[in-house]
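Student: If you want the building blocks of each chain, they are given just below.
4 protein chains.
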Amino acid sequence: MNPSDVTNKMMHDDAFSQWLGIQILSSSMGSAAVQMTLRKEMTNGFGIAHGGITYSLADSALAFASNSYGDVAVSVETQISHLHPVSVNDVLTAKAVEVSRSAKLAVYNVEIFNDIGKMVAHFKGTVYIKKERHF
Amino acid sequence: MNPSDVTNKMMHDDAFSQWLGIQILSSSMGSAAVQMTLRKEMTNGFGIAHGGITYSLADSALAFASNSYGDVAVSVETQISHLHPVSVNDVLTAKAVEVSRSAKLAVYNVEIFNDIGKMVAHFKGTVYIKKERHF
Amino acid sequence: MNPSDVTNKMMHDDAFSQWLGIQILSSSMGSAAVQMTLRKEMTNGFGIAHGGITYSLADSALAFASNSYGDVAVSVETQISHLHPVSVNDVLTAKAVEVSRSAKLAVYNVEIFNDIGKMVAHFKGTVYIKKERHF
Amino acid sequence: MNPSDVTNKMMHDDAFSQWLGIQILSSSMGSAAVQMTLRKEMTNGFGIAHGGITYSLADSALAFASNSYGDVAVSVETQISHLHPVSVNDVLTAKAVEVSRSAKLAVYNVEIFNDIGKMVAHFKGTVYIKKERHF
Numbered sequence: 001m002n003p004s005d006v007t008n009k010m011m012h013d014d015a016f017s018q019w020l021g022i023q024i025l026s027s028s029m030g031s032a033a034v035q036m037t038l039r040k041e042m043t044n045g046f047g048i049a050h051g052g053i054t055y056s057l058a059d060s061a062l063a064f065a066s067n068s069y070g071d072v073a074v075s076v077e078t079q080i081s082h083l084h085p086v087s088v089n090d091v092l093t094a095k096a097v098e099v100s101r102s103a104k105l106a107v108y109n110v111e112i113f114n115d116i117g118k119m120v121a122h123f124k125g126t127v128y129i130k131k132e133r134h135f
Numbered sequence: 001m002n003p004s005d006v007t008n009k010m011m012h013d014d015a016f017s018q019w020l021g022i023q024i025l026s027s028s029m030g031s032a033a034v035q036m037t038l039r040k041e042m043t044n045g046f047g048i049a050h051g052g053i054t055y056s057l058a059d060s061a062l063a064f065a066s067n068s069y070g071d072v073a074v075s076v077e078t079q080i081s082h083l084h085p086v087s088v089n090d091v092l093t094a095k096a097v098e099v100s101r102s103a104k105l106a107v108y109n110v111e112i113f114n115d116i117g118k119m120v121a122h123f124k125g126t127v128y129i130k131k132e133r134h135f
Numbered sequence: 001m002n003p004s005d006v007t008n009k010m011m012h013d014d015a016f017s018q019w020l021g022i023q024i025l026s027s028s029m030g031s032a033a034v035q036m037t038l039r040k041e042m043t044n045g046f047g048i049a050h051g052g053i054t055y056s057l058a059d060s061a062l063a064f065a066s067n068s069y070g071d072v073a074v075s076v077e078t079q080i081s082h083l084h085p086v087s088v089n090d091v092l093t094a095k096a097v098e099v100s101r102s103a104k105l106a107v108y109n110v111e112i113f114n115d116i117g118k119m120v121a122h123f124k125g126t127v128y129i130k131k132e133r134h135f
Numbered sequence: 001m002n003p004s005d006v007t008n009k010m011m012h013d014d015a016f017s018q019w020l021g022i023q024i025l026s027s028s029m030g031s032a033a034v035q036m037t038l039r040k041e042m043t044n045g046f047g048i049a050h051g052g053i054t055y056s057l058a059d060s061a062l063a064f065a066s067n068s069y070g071d072v073a074v075s076v077e078t079q080i081s082h083l084h085p086v087s088v089n090d091v092l093t094a095k096a097v098e099v100s101r102s103a104k105l106a107v108y109n110v111e112i113f114n115d116i117g118k119m120v121a122h123f124k125g126t127v128y129i130k131k132e133r134h135f
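Protein chains in written order, with our numbering: chain A, 1 to 135; chain B, 1 to 135; chain C, 1 to 135; chain D, 1 to 135.
Simulated from the structure, these hints should not be mistaken for lab results. Hints may be right or wrong, so weigh each one.
All copies of an identical chain are treated as equivalent in the list; a pair is satisfied when it fits inside any one copy or across any two copies.
To be verified - Here are the computed lysine to aspartate or glutamate pairs in the EDC-like style, where the Cα-Cα straight-line distance is at most 16 Å:
hint	residue 1	residue 2
1	40	132
2	9	115
3	40	13
4	130	115
5	95	41
6	130	90
7	131	98
8	9	71
9	40	90
10	118	98
11	104	115
12	118	5
13	130	111
14	95	111
15	95	71
16	131	71
17	131	90
18	40	5
19	9	90
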């Protein structure tokens with residue numbers, strides 16, 4: 001089993017990440033990069049991306065990065081700073097990197113950029129690592 | 001203008017909250033209660049609600065509560081603890097209450113419950129209040 | 001063993017909480033109330049309480065509330081919003097209440113008030129519950 | 001005026017950072033590195049650093065980095081993950097780096113390492129930038 005196997009299986013079963021149109025750019029032990037394009041139906045009352053969309057993209061990146069070792073990891077606490085508005089047709093790229101990992105808990109940072117390289121959101125998440133395996 | 005006017009206008013223009021199927025239960029100065037039902041397309045690779053769904057519901061509740069005075073308020077930083085899994089057909093109710101509000105910044109707590117009254121997520125958000133008005 | 005026994009033992013061994021001058025007002029299963037007075041040596045470059053002081057008071061309240069059942073609980077992730085400046089001689093009261101508790105993880109809110117009842121800080125903390133007991 | 005002037009002035013007036021024994025290692029536009037040694041009076045009931053100590057060190061680093069441009073910046077919301085215990089005599093180094101900065105709000109990450117290069121805490125902070133200047 002390699003990191004991509006877990007990521008592909010998780011993505012295959014993840015109906016909401018599919019609805020978001022998430023594409024996996026890369027996946028390795030403790031990291032993941034994903035991409036999506038903002039659609040009209042994902043906007044809020046201000047005509048820009050609903051905060052839940054960038055959060056969801058980051059949360060999927062967190063799930064892929066934290067589960068990449070094969071142990072089931074679940075989100076305990078996550079935090080997002082919305083830094084810059086996202087418009088319809090913007091292509092968003094999220095990169096999750098590992099800050100720390102012990103036997104039970106791990107912390108990840110996820111940065112989201114738009115297609116001109118501007119950081120639009122910064123996310124931090126803590127996961128709890130279960131005794132269960134993916135395969 | 002009353003709090004419901006702002007909330008109704010925001011909800012009317014909010015494509016993603018409509019996709020989520022959010023219903024407004026109540027709306028007043030500094031608070032809001034909203035409801036939605038979890039659909040299959042909102043689940044993740046574990047067959048339960050994607051973290052982004054409960055986050056999105058809480059974030060909409062935050063937007064309604066923090067904009068209820070008529071001043072435009074935008075999210076600066078939000079945090080969510082996922083406490084209990086949410087299954088397809090679960091009815092989720094989110095209640096946003098004001099912790100603190102000054103001229104420029106305000107803080108809200110949002111609690112999300114399922115239909116048997118179990119808290120499934122706890123969210124905290126900080127907004128920045130702009131000089132702009134909704135009407 | 002009752003909640004106060006754990007709290008008293010923890011306070012007795014806690015050199016920094018003693019330096020802060022923390023007094024325990026009450027302690028029960030899942031909650032705790034503590035008090036301290038701001039001294040000059042606790043201020044920052046703006047002449048008001050250093051953010052680390054209100055954080056430390058809240059963190060001690062979290063420790064007392066989350067360890068009150070007798071199981072050793074350690075902080076995983078904590079967050080604080082500084083809402084109002086604190087001046088020398090202000091008496092601060094912190095109240096920790098339980099939001100959620102499962103076998104492994106628990107979440108607490110801590111509100112800190114000054115002596116005229118103004119909320120000066122709002123803290124949220126997640127702890128990990130170990131298999132170890134205090135007694 | 002250069003970044004070090006603001007940092008030196010803030011440190012000079014900051015009674016609590018002095019009590020902590022904080023030394024400024026470096027200071028530039030948007031970043032700062034500081035150091036301190038853990039003393040016995042800074043420990044909690046488990047005989048390791050009280051969470052408030054590492055938080056305070058990070059919060060001072062945040063203050064120095066975010067005020068380095070000369071505009072007064074105040075903490076709005078901060079978050080810390082405690083990753084590894086800190087023992088008496090451990091030398092802690094905190095490095096604050098800028099994630100994002102707009103006219104009104106800025107976000108910083110602060111990493112804290114012990115003397116063998118192990119990350120003991122990861123802190124994220126958001127500040128509000130006032131119209132006021134330091135000089």
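Student: Take the hints in turn and mark each one as holding or not.
Tutor: Verification of the supplied hints:
1. 40 <-> 132: Cα proximity of residue 40 and residue 132: none, with 39 Å in one copy and 24 Å across.
2. 9 <-> 115: Classified as neither: same-chain Cα gap 27 Å, cross-chain 31 Å, threshold 16 Å.
3. 40 <-> 13: Answer is between: at 11 Å across copies they meet the 16 Å cutoff, but 25 Å inside does not.
4. 130 <-> 115: neither (36 Å within a copy, 27 Å between copies)
5. 95 <-> 41: neither (24 Å within a copy, 24 Å between copies)
6. 130 <-> 90: neither (36 Å within a copy, 25 Å between copies)
7. 131 <-> 98: Answer is neither; intra-copy 20 Å and inter-copy 27 Å both fail.
8. 9 <-> 71: Within one copy, since 13 Å is at most 16 Å while 37 Å is not.
9. 40 <-> 90: This pair counts as within: shortest intra-copy Cα distance 11 Å, inter-copy 27 Å.
10. 118 <-> 98: between (21 Å within a copy, 14 Å between copies)
11. 104 <-> 115: neither (36 Å within a copy, 24 Å between copies)
12. 118 <-> 5: neither (31 Å within a copy, 31 Å between copies)
13. 130 <-> 111: neither (25 Å within a copy, 26 Å between copies)
14. 95 <-> 111: This pair counts as within: shortest intra-copy Cα distance 5 Å, inter-copy 19 Å.
15. 95 <-> 71: Result: close neither inside a copy nor across copies, 20 Å intra and 32 Å inter.
16. 131 <-> 71: within (7 Å within a copy, 21 Å between copies)
17. 131 <-> 90: neither (39 Å within a copy, 27 Å between copies)
18. 40 <-> 5: Neither: 32 Å inside a chain and 24 Å across chains, both beyond 16 Å.
19. 9 <-> 90: neither (27 Å within a copy, 25 Å between copies)
Consistency with the previously given hints fails for numbers 1, 2, 4, 5, 6, 7, 11, 12, 13, 15, 17, 18 and 19, ordered from lowest to highest.
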